[in-house]
Structure formats: C-alpha cells, structure tokens
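Visitor: For reference, the chains in residue letters:
Protein chains: 4
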Amino acid sequence: MADAPKELSHEIEVRPAFFDVDPMNVVWHGHYVKFFEVARSELMQKFNYDYMAMRESGFFWPIVDMRIKFVRPAALHQLLKVKATITEFESRLRVEYRITSGTETVTKGYTIQVAVDANTMEMQWVCPKILWERLGVSP
Amino acid sequence: MADAPKELSHEIEVRPAFFDVDPMNVVWHGHYVKFFEVARSELMQKFNYDYMAMRESGFFWPIVDMRIKFVRPAALHQLLKVKATITEFESRLRVEYRITSGTETVTKGYTIQVAVDANTMEMQWVCPKILWERLGVSP
Amino acid sequence: MADAPKELSHEIEVRPAFFDVDPMNVVWHGHYVKFFEVARSELMQKFNYDYMAMRESGFFWPIVDMRIKFVRPAALHQLLKVKATITEFESRLRVEYRITSGTETVTKGYTIQVAVDANTMEMQWVCPKILWERLGVSP
Amino acid sequence: MADAPKELSHEIEVRPAFFDVDPMNVVWHGHYVKFFEVARSELMQKFNYDYMAMRESGFFWPIVDMRIKFVRPAALHQLLKVKATITEFESRLRVEYRITSGTETVTKGYTIQVAVDANTMEMQWVCPKILWERLGVSP
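Residue numbers (my numbering), protein chains in the order written: chain A, 1 to 139; chain B, 1 to 139; chain C, 1 to 139; chain D, 1 to 139.
Just chain A, with the same shape it has in the complex (with noise of 0.2 Å):
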C-alpha cells in the first residue's frame, strides 16, 4: 500500500535584502521571480525532483509561461510568505503562487514548465511518468 501523497505544496520565508529594494523604497518586481523560484525549488525537493534530479532523469523542464500579479508592495526586511503549490502535472506542470504579510496578499502568480528530453531535446506533450511517480499523483 503506497504512502499518503504529500500535500502539492510547500511555504517559505523571505525578507527581502537590501540590494532587493528599489529607489521606491519597495522591492523591485523583478525579484519575486527569485522568491517564487526558492520556494518552487524547495517544493521540488520535498518530491526529490528538483533541479538535479531533473536532469539525472534524462529530462529539462524550463519554463515557459510566467505571470505576476503585483498587489501591494514591499519594504526592506518585510516578512514575507511565499507559498507554492502545483496546480497542473498532466502535460506541464503548472505552479501558483501566493506570497502574504499577514493576512495581506503582496503578490500572486505562476510558472508553466514542460519537459524537454534531454537527449532528442523534444519537448514532451505529457510530462514524463517519472514526475508522477515522484509526486505521488495519477494523471
């Protein structure tokens, strides 16, 4: 009898850093991209398909399509939540994102990714069975 699937999502901590700040005071918008992508990343992990275990499975998955929705700004050191969860892992595999202060939404969105075989560099109509089988999940 297979293990219970752990939940599809995962949550982090930021602050942001000084060098995150613009001359707004705020934090530049181009780096949620980094905060949604350490909270991907450690997600990922949890499922030991992250990073390098994507390429020891003969497989690329670069992204494709990303989204921000920018609610409220934020200040240098500002607690921040940044929690993803997959979405979609039939034919790419889709993450959203929400990072709060609070109860306050900061900043919402997601990233799409496919798979690319590494050796033939095809992208893959559906995503490989071996993203199944590390999520724990049945297309």
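There could be a bad hint or two in this list.
[To be verified] In silico SDA-like cross-links for lysine to any residue, where the CA-CA straight-line distance does not exceed 25 Å:
(1) Lys-34/D to Val-26/B
(2) Lys-69/D to Ile-86/C
(3) Lys-34/C to Val-26/D
(4) Lys-83/A to His-31/B
(5) Lys-6/C to Gln-78/C
(6) Lys-34/C to Phe-60/D
(7) Lys-34/B to Lys-83/D
(8) Lys-34/A to Arg-15/B
(9) Lys-34/A to Glu-13/A
(10) Lys-83/B to Asp-65/B
(11) Lys-81/D to Val-64/C
(12) Lys-34/A to Met-24/A
(13) Lys-108/D to Ala-17/B
(14) Lys-34/A to Met-52/C
(15) Lys-69/C to Ser-9/C
(16) Lys-46/B to Thr-87/B
(17) Lys-108/C to Lys-69/D
(18) Lys-69/B to Met-54/A
These aren't lab readings, by the way, just hints derived from the structure by calculation.
Please read these numbers as outputs of a predicted model, since none were measured by experiment.
Start from chain A and add chains B, C and D according to the hints.
Guide: This is chains B, C and D only, laid out in the frame that chain A set:
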C-alpha cells in the same frame, strides 16, 4: 499645429552576459525582466516620461501585472533585439515586448502599470493627462 | 552598570539558489557580495544600527572598499555559513567575512564603510558617536 | 613578421538601469562587479579568448581575488566608461578596471584569475601558453 506623434515603440539590442546565463547554459528566465525594463525605459525616455519625469509629475507608476512567454532559449552573447510597444494608455499603461534573434521569437510578454498619486498614494483609475501629453495621444 | 558588549560578529546560513549558479556550475563570484550584505545587515540589526537606523541617525554609510578572495567554488544548494565580524570602528567601519562549508573556507573578504553626514554630504573622518553607542564600545 | 600586439585594454560604456539603483538613489555597490565583467569579457573577446574559447582550450579561469574601491556614487542612467586593462599575464591573469564619468573616477578595482586544467582540475602556477599566444605577448 502639433508635430505628428512619434511611433509608440522602441527597439534596443542586448547581448546576455556571463552572469545572465544559468547552469543549463541559457539565459535564466528571470533576467528577461531586466531586458524588458531597459527597453521600456528607453521608450519612455523618448517621450520624456521615464522614471525621474514620472516622479516630478507627481505620480508613481508601479508595475501591477507582468507576463512573459519563453519561446526559445537564448545563449551567452547572442544578439537579441528587444522591441517595446505601448498598446494601452487610457486607464493603465500597457507595454508589449517581443525579443527576437534574427527572424525567430525568443520571448514575448507585457507589463501593466497604473498611476499612483505621490501625495495621496491613491491609485488612478484613468491615466493622468500628463501621460497623454507626453505621448502626444488622445485617449 | 552597562551590559557586557555583545560579540561583534554574527553568522548566517545561506544555500545558493539556481539563479546564483553560473554556466561553470558554481556560484557566480559577484553573488557573494549579496551573501556578505545579508550577514552584515543582520549583524548591524543586532546592534539596532542597520540601514534604516543609520538614516534616522543622520548618516549614510556607503561602502568605499571591498575585497573578496575566492578560495573554493560553491555549488547549488550547498550549505554555506557566512560569518561577519566588525574589526574596526574608530575612523571607519570595517567588517570581515568568512564563508565556510563544513571545515573548509569557501570565500573571505572585507568591506569598509565610512559615515557621510546626510545633511552636508561630508565624509566623516571619525566614526560618529552613535556607532560606538550602538555597538557598546569605546574607540 | 608578427602583427603588432593589440593594446591590452578595452573600454565600454554603460548606463546604470533602474534595477541597478538602490534606496540611496545610487548604484548598489555589488552591481559594479557586472560592469567589470562586461568590460573584461569584451576585452578578452578582442583576443579571441573569452569564456567559450577558454573552455575549448581546456582551461577554466575562475576569479580568485577581486577588489573594488568606490570613489564616487553613480546615478540612474549616468553615462559611465569602464576601462579594463590586462596588467599581469605571467602566472595569473590580472585585469584592472577604472570607471569614470567625464573626468572623474567613480570606481576602480581589479580581478585576478588563475588557470585550472579542465581535466585534472589542477590549478596552474604559470599561465598556459594559449593565453600568451592569444594576447600576442611573451611572458
């Protein structure tokens, strides 16, 4: 009689640097936000309404929404053209981007900015008149 | 009777992220500046004299000199300890850094900051009293 | 008869972008590492011995030491000239940098690189012959 309006687009060239390239030997997806920003900034300078002029006019113009589609990877030092075009200016400032290498599309996307009154910090539901004057357009 | 002075050093842990790693599969040398800054910032927070408090005290503290020796490369997600120690505070603020992985040194370096009066923009040849008070030291 | 050696220096122009500027309204000190790298990379391209050519020649050239002195702050879009000059090539590759704005020095510094054999990963105590050939110099 007014001058004819300048074209609402601008193109720059960039060559990704070593620090833009990730372990997959392609430009890290988050760095395209910088390429977009450089193109948008030069575009707005053409109309004398870049960051400094925005502040002087009494408005901040934070980015509230951004989307990027990654069509093809780009390599170290690959010559990229980044074209930014204003496609909305009535209630918000929407800029569309297309990054190309030769005849191929590498990346495309958009950013949406809204005006915020620097004194009251209130978001403006219609773009302030100063934007239209600078762009030489009528809403 | 005054409290005993806190130790003039602080250690943080960092794990380099995917966006910190370059095509040679090691942390890009310029990113260590960020790791130094996060350690220095937390060190100064311990003494209630980080960036915001510096501004409120009427001084900027720009970095005027920085040196980094790269002893060993660091890899994606490798656990690094970054220790920052104040080693001078009389006429300038000197912070030394040592980044280690287990018992091995990865990087070492220093930064030097001088106080600039925020009103006159004049560089101070002696550190302002507020620094010594916050650090609990006598020059 | 050999061609006269090209001058061992190269100058580029950069204009700091919005994302290079920090809450003190000046270029964040860590971003100068990027400006140095772009100048060094173009300098080495002139001699057909930039990053890709280095790898093909069987050597990595990691930076082992870097120093930057920050003389004056630089502002958003300020025109900066970055001159990189090779000043040592016998046992290590030393490049010196001077960033100027008009007649004033903004930043100066150096980087030191050593050759590492890509097969054995052994550090070379003398620069490999290929460097001298490409530079058109004799040690």
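Visitor: Please work out if Lys-46/B and Thr-87/B have their alpha carbons no farther apart than 25 Å.
Guide: 16 Å, holds
Visitor: Given the hint that Lys-34/B pairs with Lys-83/D, test it: the Cα-Cα distance must not exceed 25 Å.
Guide: Cα-Cα ~24 Å, so holds.
Visitor: Between the alpha carbons of Lys-69/D and Ile-86/C, is the straight-line distance 25 Å or under?
Guide: Roughly 19 Å separates the two Cα atoms, so the pair holds.
Visitor: Between Lys-108/C and Lys-69/D, is the straight-line Cα distance small enough, at 25 Å or below?
Guide: 17 Å, holds
Visitor: Tell me if the straight-line CA distance from Lys-34/A to Glu-13/A falls inside 25 Å.
Guide: The hint holds at about 13 Å.
Visitor: Take a quick look at whether Lys-34/A and Met-24/A sit within 25 Å of each other, Cα to Cα.
Guide: 19 Å, holds
Visitor: Mind checking the alpha carbons of Lys-34/A and Arg-15/B for me, to see if they're no more than 25 Å apart?
Guide: 22 Å, holds
Visitor: Is the Cα-Cα distance between Lys-83/A and His-31/B 25 Å or less?
Guide: Holds, because 22 Å separates the two Cα atoms, which is no more than 25 Å.
Visitor: Need the status of pair Lys-34/C, Phe-60/D: alpha-carbon distance at most 25 Å?
Guide: 24 Å, holds
Visitor: Take the C-alpha atoms of Lys-34/A and Met-52/C, compute the straight-line distance between them, and say whether it is at most 25 Å.
Guide: It holds: about 24 Å lies between the C-alpha atoms, which stays within 25 Å.
Visitor: Lys-6/C and Gln-78/C were given as a pair; does the straight-line alpha-carbon distance stay at or below 25 Å?
Guide: 29 Å, violated
Visitor: Does the alpha-carbon distance linking Lys-34/C and Val-26/D stay inside the 25 Å limit?
Guide: 17 Å, holds
Of the numbered hints stated above, the single one contradicted by the structure is hint 5.
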